[in-house]
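Colleague: Chain by chain, the residues run as shown.
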Amino acid sequence: MLAKRIIPCLDVKNGRVVKGINFVGLRDAGDPLEQARWYAEQGADEIVFLDITASVEARGTLLRMVERVADTLFIPFTVGGGVRCVDDFRAVLRAGADKASVNTAAVANPKIISECAETFGAQCIVVALDAKAVHGAPPSNGEKKWRVYTHGGRKPTELDAIEWARQAEALGAGEILLTSIDRDGTQVGYDLELTRAITDAVNIPVIASGGAGTLAHFYDAFAKTNADAALAASLFHDRTLSVPQVKNYLAERGVRVRWRFERKRFASGDTSE
Amino acid sequence: MIAIIDYGMSNLRSVRHAFAALGADARIVDTPSTLKNARALVLPGDGAFGPAMQSLTARGWLEPLHAALARGAPFLGICLGMQLLFESSEENGAHRGLGILRGAVKKFPRAAGKLPQIGWNQLQIQPQSKFLAGIAENAFAYFVHSYYCAPMDENIIAARTDYGISYASAIESGKVWGAQFHPEKSGADGLKMLQNFLELL
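Which chain is which? The protein sequence lines are R and S, in order.
Throughout the first sequence, residue numbering follows my numbering, covering 9 to 281 in sequence.
Throughout the second sequence, residue numbering follows my numbering, covering 136 to 336 in sequence.
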């Protein structure tokens, strides 16, 4: 059976991790490669790198980082942030990323999803959907609504989250990375209502993100919604919880997880050609 | 030299580096004539079946590929590269494959689950498999696909995986091997499988 995935997310700026694990096991707490490998050894199923570099000039730095990661990481990884066009996708994928995620650019120009899906295959197109609950007068049918935000959660759009998820799937997205802006950074738990609404609306995998704070939050994401993966950042970086802890907790409660953690480093530190 | 065939369809870098980590001389080749000097062939691939066959044909890979197989060079197809070995695929219409193995590539039934299947799934391994020697029963491997191979000859199935249905996730026909999953992305077990492939050289 397909396992539920646990995905640590690393924020990267100018090719360096800005919010990551910081402890004696690592020689360099800012090195994306070292951090990713450490998480892989811990049993992470995948890694997401979120590039928060603002400037266009820094793209080359990001691509060199992606190449270095691809050279030594033997689990899949996704690169998001600043992927704006088909050429950005191509560059990131050619550098060795398995998937690339797109948010703002896809909202502005949804055709980017279909163009990329046709060119590279749906499997590597992740649509990052940042959603925030709409407050105020309840809609006539009484159902809760969420609005799509872009620009790192700063800019509201007119798009309804459920409608946008459906459209992204129809355009050829292979996966949705669903972040609750309301929950992000709060550690009070994933937005289960939102996650359920989106997983019910589409037939592509959904990664739940935003709000993980306890072991039970991961369990709830899988037991109470149809999410395929759960992502967390600071929870893992701060070492509040470890990936093996989460996986053991889930396994004990009957959630299917990949149980054989990587214990051994296969590649030496230097694999340059 | 292990030739990783570059026909413009996929991320080849991780395949090369997985072999490099095992100390093998694997090179990405984009000139079909290079296959003459190759000791083994690796055909990776993501994306769609039809465009992949078109690309292999248009770039002149078919003849040198068949020639290399005829002289018994070990062959590893990964993901779409495994699917291309078969006679046909129903991905976006009907397409002819390389026809090296008998059988067809089919879409998962909708009831199977979300498509694509993305993530780590388990292998039920044929005990005699050389490809999967040393890999534990029910080991996890990383999959990304919406179509699966249905071989005519079930004896070539090296592993099965369940995703709504039980399907062939690895095949082994002499020195022609195929993995529907990505060994280069399947951690230590995946590297062990690639090591097994190197034993064929």
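Just so you know, the hints here were simulated from the structure itself, not pulled from any lab data.
Don't take each hint at face value.
Claimed, not checked - Partial chain S-side listing against chain R, Cβ under 10 Å, derived: (1) Asp-181; (2) Leu-215; (3) Gln-252; (4) Tyr-277; (5) Pro-286; (6) Asn-290; (7) Asp-297.
To be verified - Computed list of chain S residues with no C-beta within reach of chain R, every gap over 12 Å: (8) Lys-171; (9) Ile-235; (10) Asn-256; (11) Ala-285; (12) Glu-289; (13) Gly-309; (14) Asp-324.
From a predicted model like this one, the values you see are computed outputs, not experimental measurements.
C-beta: ideal position from N, C-alpha, C; glycine also.
Colleague: Taking the hints in turn, state whether each one holds.
Modeller: Do the hints match the structure? See the list:
no.	hint	in the structure
1	Asp-181	holds (5 Å)
2	Leu-215	holds (8 Å)
3	Gln-252	holds (6 Å)
4	Tyr-277	holds (6 Å)
5	Pro-286	violated (22 Å)
6	Asn-290	violated (25 Å)
7	Asp-297	holds (6 Å)
8	Lys-171	holds (24 Å)
9	Ile-235	holds (22 Å)
10	Asn-256	violated (5 Å)
11	Ala-285	holds (20 Å)
12	Glu-289	holds (22 Å)
13	Gly-309	holds (27 Å)
14	Asp-324	violated (7 Å)
Checked against the numbered hints above, the structure breaks hints 5, 6, 10, 14 and satisfies the rest.
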